[in-house]
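Number of protein chains: 2
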Amino acid sequence: MNKNNFCIIMAGGIGSRFWPMSRTAHPKQFIDILGTGRTLIQQAFDRFNGTCPHDQIYIVTNEMYRELVKEQLPLINEEQIVCEPARRNTAPCIAYATYKIIAKNPNANIVVAPSDHIILKEADFCNIIQSALDCCTENDWLITLGITPSRPDTGYGYIQYTDCDNCNDSRTKKVKTFTEKPNIELAKSFISSGDFLWNSGIFIWSAKSILKAFENHLPDVFQIFNEGLGKYNTPDEAEFIKDTYTICKNISIDFGVLEKADNVYVYVSDFGWSDLGTWGSLYENSKLNANNNAVIGQNVLTYETKGSIINVPKNKLVVIQGLENYIVVESDGILLICQKDEEQQIRQFVNDVMLKKGDKYI
Amino acid sequence: MNKNNFCIIMAGGIGSRFWPMSRTAHPKQFIDILGTGRTLIQQAFDRFNGTCPHDQIYIVTNEMYRELVKEQLPLINEEQIVCEPARRNTAPCIAYATYKIIAKNPNANIVVAPSDHIILKEADFCNIIQSALDCCTENDWLITLGITPSRPDTGYGYIQYTDCDNCNDSRTKKVKTFTEKPNIELAKSFISSGDFLWNSGIFIWSAKSILKAFENHLPDVFQIFNEGLGKYNTPDEAEFIKDTYTICKNISIDFGVLEKADNVYVYVSDFGWSDLGTWGSLYENSKLNANNNAVIGQNVLTYETKGSIINVPKNKLVVIQGLENYIVVESDGILLICQKDEEQQIRQFVNDVMLKKGDKYI
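Residue numbers (the numbering used here), protein chains in the order written: chain A, 1 to 362; chain B, 363 to 724.
Just chain A, same shape as in the assembly:
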């Protein structure tokens, strides 16, 4: 294992699309949403634990989730839990964690990954990560992992690539453009063009390369974090970060840095990835029973019920008749029944619940 390998796992999201399973106080990444026995963040940690020394895996999250992280990842030390004072999207979060890492090891290579995705082919994934980390040691490249798309999904961002003259690996391509979530026509044209990939949000680069890119493309963000040099990993850090975050703008790494940089490369990948952004994607990634239901819960009886997601507490007795393509979730005493095709309404439900019943339910 290369002692320069570091990892940043981003775990600050609140996952409202998975309400009521995912709650503000206990969001998606801290849930064993697939019923595998490990929560999503535990799976993310396990995945990188072979590539990076476990004391070099950083979890960036909100103060509210510190105890959950400690509880679920006992191998993580207190100093590896990086708490943001406010939610400012991915660019500030990555800048902050990178400064902490470079203060420890100026030669650090870093994988940045979300905490709430699933990856089915773990060995393939680890090989790609290792290869990308090696590549970053030698090149001033910003690498992103692009997933060969299997359908014109409108829930993902896309990366357009071109062939790469100076790459010695056929999986490596030069990034031409990043595209936000497209409408369905555009998504279909992306698929048929053959040179678009899904943007996985997983990045690999050296600490030096990404800070240089910040300096070039997001100089204001670079500047305010750079002023903390000498304070990272010291007792002065917390106070400094508190002020810094207050003035820092809210911007994503894709929009703030990667879309502007000309040294961005993409690894064409296929490791059974899903961002698990919706109940629909959870359904696609779940083991289905004979009636095409994805059932989590040990006391569930179904009749004339198909294509549904049923996710209820282990010992709860649930009898369901006559539902097709529904989501039935009970979590923490809250019950949601919703058509699978209408799950985009869940955000509205959560909003209504907050307005009508108070934020204790969200």
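No wet-lab data here; the hints were simulated from the structure.
Remember, it's a predicted structure, so these values are computed and weren't measured experimentally.
Check the hints yourself; a few may be wrong.
Lysine to aspartate or glutamate pairs mimicking EDC-like chemistry, simulated, CA-CA at most 16 Å apart [to be verified]:
hint : chain 1 : residue 1 : chain 2 : residue 2
1    : A       : K316      : B       : D694
2    : B       : K611      : B       : E446
3    : B       : K702      : A       : E304
4    : B       : K543      : B       : E621
5    : B       : K678      : A       : E304
6    : A       : K316      : A       : D332
7    : A       : K249      : A       : D220
8    : B       : K678      : A       : D359
9    : A       : K340      : B       : E666
10   : B       : K722      : B       : D694
11   : B       : K668      : B       : D703
12   : B       : K570      : B       : D502
13   : A       : K316      : B       : D703
14   : B       : K622      : B       : E577
To give a feel for the contact side, a few chain B residues facing chain A, derived at Cβ under 7 Å [claimed, not checked]:
hint : residue
15   : I699
16   : Q701
17   : E704
18   : D714
19   : L717
20   : K719
Just so it is clear, CB atoms sit at the ideal spot from N, CA and C, and this is done for glycine as well.
Let chain A serve as the given structure and place chain B on it in line with the hints.
Quick look at chain B alone, frame taken from chain A:
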């Protein structure tokens, strides 16, 4: 209030059609199923409390429910709770309670009524009961209350009547036949013929008349209970009844006595009656909101949901989207979702639950 007025409330049923709200350990009659603040048996008691002295209202039930009765009806004394050692349908239950009553008052007039029906027009009902009780004082009649049918319901028994020459009240008719639950064609022909009523299962007679009818039409049942004379309301009763029930046959009062007797009269009634035998009938008798949903529960949010019964614990947050004509019930930690039109399957569900998960859930 006539001191000869007595009442027998039958409360031994287990109400499996209302599972999971109605459970073997806590059946329908002990539930505030309409959300009015009083359980069905409490409503039944309240209804007769004005007509009969409260210490002359007997509750016939199973030993298992003794504590529930005491808890829900604090005005009832221990000796008014008549516990059957086994379930033997209505004829033995009525014979037993009648012998207890006649041992106290040979001139008793008795109303027999189920504990789990609803009656919306309570004043009309009380007038009819009073009038029928008065009538029984003067006549050796067995009176049943027949409900003017509003639809060809296949869930009810029917009573065919003919005009009554010796009746001085136009509401009183002579019973011609009792009919079990008909099929839909038959039910329609009953309605169009105009001389059929729904059988409410509410009876009024003198203790003497009903015992005479037992003697004539169910002599074996009469005989075994008659042997207990001198033991009713004494310490010897329990032992005697235990043996008696063991050998007593299982038979209904309708089939065993009323269909055979020639002194059966029916009061044509209309007091907003339902036997609440099904979720459908509960729905018909519930207050509906703007979307025609019958909702019990204070934290229920619905979207694109119509014609449904939602009955959940008071404080449980439930969000439902996209259900039409469903039953959603959560009770005692058990959740049932079922199409309203398919509720006849509930008995099967309960059976399956018992076989697959054990009887703790039924």
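Verification of the supplied hints:
1. For a cut-off of 16 Å, the pair hint linking A/K316 to B/D694 stands: about 10 Å separates their Cα positions.
2. Of the supplied pair hints, the one linking B/K611 and B/E446 holds, its CA atoms being roughly 13 Å apart against a limit of 16 Å.
3. Distance check on the hinted pair: B/K702 and A/E304 sit about 14 Å apart at the alpha-carbon level, within 16 Å; holds.
4. Distance check on the hinted pair: B/K543 and B/E621 sit about 15 Å apart at the alpha-carbon level, within 16 Å; holds.
5. Only pairs whose Cα atoms come within 16 Å are accepted, and B/K678 paired with A/E304 is rejected, the gap being roughly 27 Å.
6. Distance restraint check for A/K316 and A/D332: the Cα-Cα separation of roughly 12 Å lies within the 16 Å cut-off, and the hinted pair is therefore satisfied.
7. Our distance criterion of 16 Å between C-alpha atoms is met by A/K249 and A/D220, whose separation comes to about 9 Å.
8. Proposed proximity of B/K678 and A/D359 is supported: the alpha carbons are some 15 Å apart, at most 16 Å.
9. Using a Cα cut-off of 16 Å, the hinted pair A/K340 and B/E666 holds, with the two alpha carbons roughly 14 Å apart.
10. Among the hinted pairs, B/K722 with B/D694 is consistent with the structure: their alpha-carbon atoms are about 11 Å apart, no more than 16 Å.
11. Restraint check: the Cα-Cα separation between B/K668 and B/D703 comes to about 14 Å, which is no more than 16 Å; the hinted pair holds.
12. Distance check on the hinted pair: B/K570 and B/D502 sit about 8 Å apart at the alpha-carbon level, within 16 Å; holds.
13. Between the alpha carbons of A/K316 and B/D703 the distance comes to roughly 25 Å, so the proposed pair goes past 16 Å and is violated.
14. The suggested pairing of B/K622 with B/E577 holds, with an alpha-carbon distance near 12 Å, which does not exceed 16 Å.
15. The restraint placing B/I699 at the interface with chain A holds, with a minimum CB-CB distance near 5 Å, inside the 7 Å limit.
16. Proximity of B/Q701 to chain A holds as hinted, the smallest CB-CB distance being about 4 Å (cut-off 7 Å).
17. Because the closest C-beta pair between B/E704 and chain A is about 6 Å apart, less than 7 Å, the hint holds.
18. Proximity of B/D714 to chain A holds as hinted, the smallest CB-CB distance being about 6 Å (cut-off 7 Å).
19. About 10 Å separates the beta-carbon of B/L717 from the nearest beta-carbon of chain A, more than 7 Å, and the hint is not met.
20. Given the 7 Å rule on beta carbons, the hint for B/K719 holds: about 6 Å separates it from the nearest Cβ of chain A.
Hint violations for this structure: numbers 5, 13 and 19, all remaining hints satisfied.
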